[in-house]
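Asks: Taken in order, these protein sequences are the chains called F and D. For the first sequence, this note's numbering gives the first residue as 220, with consecutive numbering after it. For the second sequence, this note's numbering gives the first residue as 2, with consecutive numbering after it.
A couple of the hints might just be wrong.
What the hints assert, rightly or not - Restricting the straight-line Cα-Cα distance to at most 30 Å, the calculated cross-link-like pairs of lysine-lysine (DSS-like) are:
#1 K470(F) <-> K292(F)
#2 K249(F) <-> K314(F)
#3 K292(F) <-> K3(D)
#4 K314(F) <-> K266(F)
#5 K314(F) <-> K318(D)
#6 K3(D) <-> K314(F)
#7 K3(D) <-> K318(D)
#8 K266(F) <-> K436(F)
#9 K292(F) <-> K410(F)
Think of the hints as simulated: they come from the structure by calculation, not from any bench. Computed from a prediction, not measured in an experiment: that's the story for all the values here.
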Amino acid sequence: MSLEARDLWFSYRPGVPILQGLSVLVPQGKITALIGRNGCGKSTLLKLMNRLLEPDSGGVFVAGRDLRTFGTKELAQTMAHLTQSPTAPAGLTVKELVEFGRHPYRGFLGRATARDREVVEWALEQTALVELAEREVETLSGGQRQRAWIAMALAQDTEYLLLDEPTTYLDIAHQLEVLELLGQLNESSGKTIIMVVHDPNHASQYAHHVVCLAEGKLLREGTPAEIFTNAHVEELFGVIPQIFPGSSPEKPWCVPLRTR
Amino acid sequence: MKRQFVFRFVGVLSLLALTLVLSLSFGATDALSPGAVVDQILTGQGVVYLFRLPRALTAMMVGLCFAISGLLLQSLTRNPLASPDLLGVTAGGGLATVIAILVGGALAGSYITWIAFLGASVVAAIIWVLGRGASAQRFILTGVALSALAHAVITLLLVTYAPSAAEAMIWLKGSLFGRGWVHVKLLLPWVGFVCLGGVAVAYQANPLILGPTVATTLGIRLSVLRPCLWLLSVAGAAAAVAVSGTIGFVGLIVPHVARRLAGPDLRVSIPFSGLLGAFFVLLADTVGRVLSPPLEIPAGLICAFLGAPYFGYLLVKGKTDI
Chain F
220 MSLEARDLWF
230 SYRPGVPILQ
240 GLSVLVPQGK
250 ITALIGRNGC
260 GKSTLLKLMN
270 RLLEPDSGGV
280 FVAGRDLRTF
290 GTKELAQTMA
300 HLTQSPTAPA
310 GLTVKELVEF
320 GRHPYRGFLG
330 RATARDREVV
340 EWALEQTALV
350 ELAEREVETL
360 SGGQRQRAWI
370 AMALAQDTEY
380 LLLDEPTTYL
390 DIAHQLEVLE
400 LLGQLNESSG
410 KTIIMVVHDP
420 NHASQYAHHV
430 VCLAEGKLLR
440 EGTPAEIFTN
450 AHVEELFGVI
460 PQIFPGSSPE
470 KPWCVPLRTR
Chain D
2 MKRQFVFRFV
12 GVLSLLALTL
22 VLSLSFGATD
32 ALSPGAVVDQ
42 ILTGQGVVYL
52 FRLPRALTAM
62 MVGLCFAISG
72 LLLQSLTRNP
82 LASPDLLGVT
92 AGGGLATVIA
102 ILVGGALAGS
112 YITWIAFLGA
122 SVVAAIIWVL
132 GRGASAQRFI
142 LTGVALSALA
152 HAVITLLLVT
162 YAPSAAEAMI
172 WLKGSLFGRG
182 WVHVKLLLPW
192 VGFVCLGGVA
202 VAYQANPLIL
212 GPTVATTLGI
222 RLSVLRPCLW
232 LLSVAGAAAA
242 VAVSGTIGFV
252 GLIVPHVARR
262 LAGPDLRVSI
272 PFSGLLGAFF
282 VLLADTVGRV
292 LSPPLEIPAG
302 LICAFLGAPY
312 FGYLLVKGKT
322 DI
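Could you put together the complete structure from these sequences and hints?
Replies: Take a look at the structure:
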């Protein structure tokens with residue numbers, strides 16, 4: 220299945236378009252990073268891709284099929300979406316949260332099947348949360364909490380995993396922990412991951428494909444090596460960077476030195 | 002259902018049964034033995050069958066309706082302070098009734114339940130139209146504003162028409178005095194609707210605690226679920242208000258207790274909330290009847306007296322999500 224946005228136009232207020240004729244083809248089974256300045260439309264694109272917003276014109280297509288023709292449950296079985304800093308209510312345990320991921324698969328009254336229990340267990344294992352399953356989400360550290368939400372998304376058993384700034388509010392160790400987890404998931408299950416990130420190095424080190432947006436349009440897309448050059452980073456973010464080759468030429472490091 | 006919930010459920014059920022026995026045994030006349038109570042119910046005669054049993058059933062059904070209504074509203078708005086009182090649904094019923102009593106006088110008597118129901122529904126519809134599609138906060142604020150407006154108009158009417166206001170005043174305080182089999186019959190279909198509807202939406206409404214966006218990504222169709230929840234909670238509150246007047250606090254406190262006993266799963270907390278609501282109002286009515294006969298203290302007042310300290314307790318214990 221392929222995921223493609225075709226000629227997307229979108230505005231929150233009439234006459235102020237956020238996305239202006241954006242077309243993106245998401246590579247299958249890879250990690251794609253959406254980057255760009257504040258307000259460039261990357262989170263909006265992510266929401267349109269999961270039908271949390273309706274485009275003014277154009278459309279999103281999964282395997283050539285318009286997203287508008289998907290049933291709500293069918294869509295929830297195709298794509299999981301981790302929203303920006305979600306909050307769990309007091310008293311909810313990790314396992315209860317992860318079980319919500321099975322919601323789209325359950326019947327009217329929500330009887331759990333053996334398959335449901337199996338997938339929840341698997342999701343807890345993948346995110347190393349088995350020991351913490353009965354803990355309340357509220358009592359976890361930021362990194363553990365984010366893993367719990369990722370586990371919920373995993374329990375949805377989808378081909379696509381969309382994440383909106385998954386490392387926000389986390390300290391650097393927890394940021395890397397989350398990104399490494401995403402890398403493992405992509406490698407072990409071939410899940411197609413699309414994430415909005417702010418740190419250019421998160422894109423260069425963990426994504427296979429980088430999509431750069433500017434003012435609601437596609438500025439350019441390509442591999443991290445193609446995107447993270449002095450000229451491109453300066454154009455995209457308006458900063459003077461220094462690019463280091465790092466351990467592999469495929470994954471350059473990018474240090475923003477100062478504003479232009 | 003987990004074992005601890007089963008124990009608690011049985012516990013609440015026993016409390017309800019015990020209160021029912023007390024309610025049937027004690028009253029303005031001498032206390033009756035359990036044997037006499039059963040005898041009167043079976044033969045369909047005497048004070049128990051004619052007065053106490055229908056009144057107890059009405060109290061239980063009113064409590065159940067208010068409690069489930071409050072729980073569904075709190076789930077809909079994701080706000081633990083939401084209740085039919087706060088959102089103006091009960092005030093709407095109260096306003097319509099006060100107008101009817103003051104304008105129609107004795108004529109209004111037989112139609113009062115329907116008038117109250119109509120008033121509550123009209124206010125509910127206005128809130129839905131004004132607050133629709135907006136955030137939960139705006140929805141609640143719309144309700145609070147309408148509630149305040151309705152209360153202001155009620156007070157104005159009561160002050161203006163002071164001589165005939167006594168009857169309206171009693172109704173507004175929420176009382177079960179003189180409720181009989183006719184009220185049981187009137188409530189029964191609504192109790193059925195609220196209970197069956199509650200069970201039907203319970204699982205679908207569960208993801209709402211994670212917020213509307215996450216619920217949508219989990220395949221919940223908010224455009225269908227939200228009106229269903231609103232309809233059920235308004236139907237419950239309107240039916241209860243129509244029969245008992247504005248008994249406050251039940252729709253606010255009972256769902257709170259139910260969530261603490263039953264956890265976040267609505268499939269468990271809805272039955273808990275219903276039973277606890279039934280217990281709470283029945284207890285309030287029974288206490289109000291036996292405290293200082295022949296004078297009766299309205300159930301609504303007792304509920305407020307019992308309810309307010311509960312919040313104090315929560316504050317002192319520091320155990321609250323409010």
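Asks: Would the pair K292(F) and K3(D) pass a check requiring their Cα atoms to be no farther apart than 30 Å?
Replies: holds (27 Å)
Asks: Below or equal to 30 Å on CA atoms is what counts here, so check K314(F) against K318(D).
Replies: holds (27 Å)
Asks: So if I understand the rule, the pair passes when the alpha-carbon distance is 30 Å or less; does K3(D) with K314(F) pass?
Replies: Holds - the C-alpha atoms of K314(F) and K3(D) are around 14 Å apart, at most 30 Å.
Asks: Please work out if K249(F) and K314(F) have their alpha carbons no farther apart than 30 Å.
Replies: Status holds; Cα separation ~28 Å.
Asks: Taking 30 Å as the top limit, are the C-alpha atoms of K266(F) and K436(F) close enough?
Replies: Answer holds: K266(F) to K436(F) is near 16 Å, not above 30 Å.
Asks: For the pair we were handed, K292(F) and K410(F), check the Cα-Cα distance against 30 Å.
Replies: Holds - the C-alpha atoms of K410(F) and K292(F) are around 19 Å apart, at most 30 Å.
Asks: With a cut-off of 30 Å on the C-alpha distance, tell me whether K470(F) and K292(F) pass.
Replies: violated (38 Å)
Asks: Given the hinted pair K3(D) and K318(D), is their alpha-carbon gap at most 30 Å?
Replies: The hint holds at about 26 Å.
Asks: So if I understand the rule, the pair passes when the alpha-carbon distance is 30 Å or less; does K314(F) with K266(F) pass?
Replies: The given pair, whose Cα atoms are some 26 Å apart, holds under the 30 Å limit.
When held up to the earlier numbered hints, the structure conflicts with hint 1 and nothing else.
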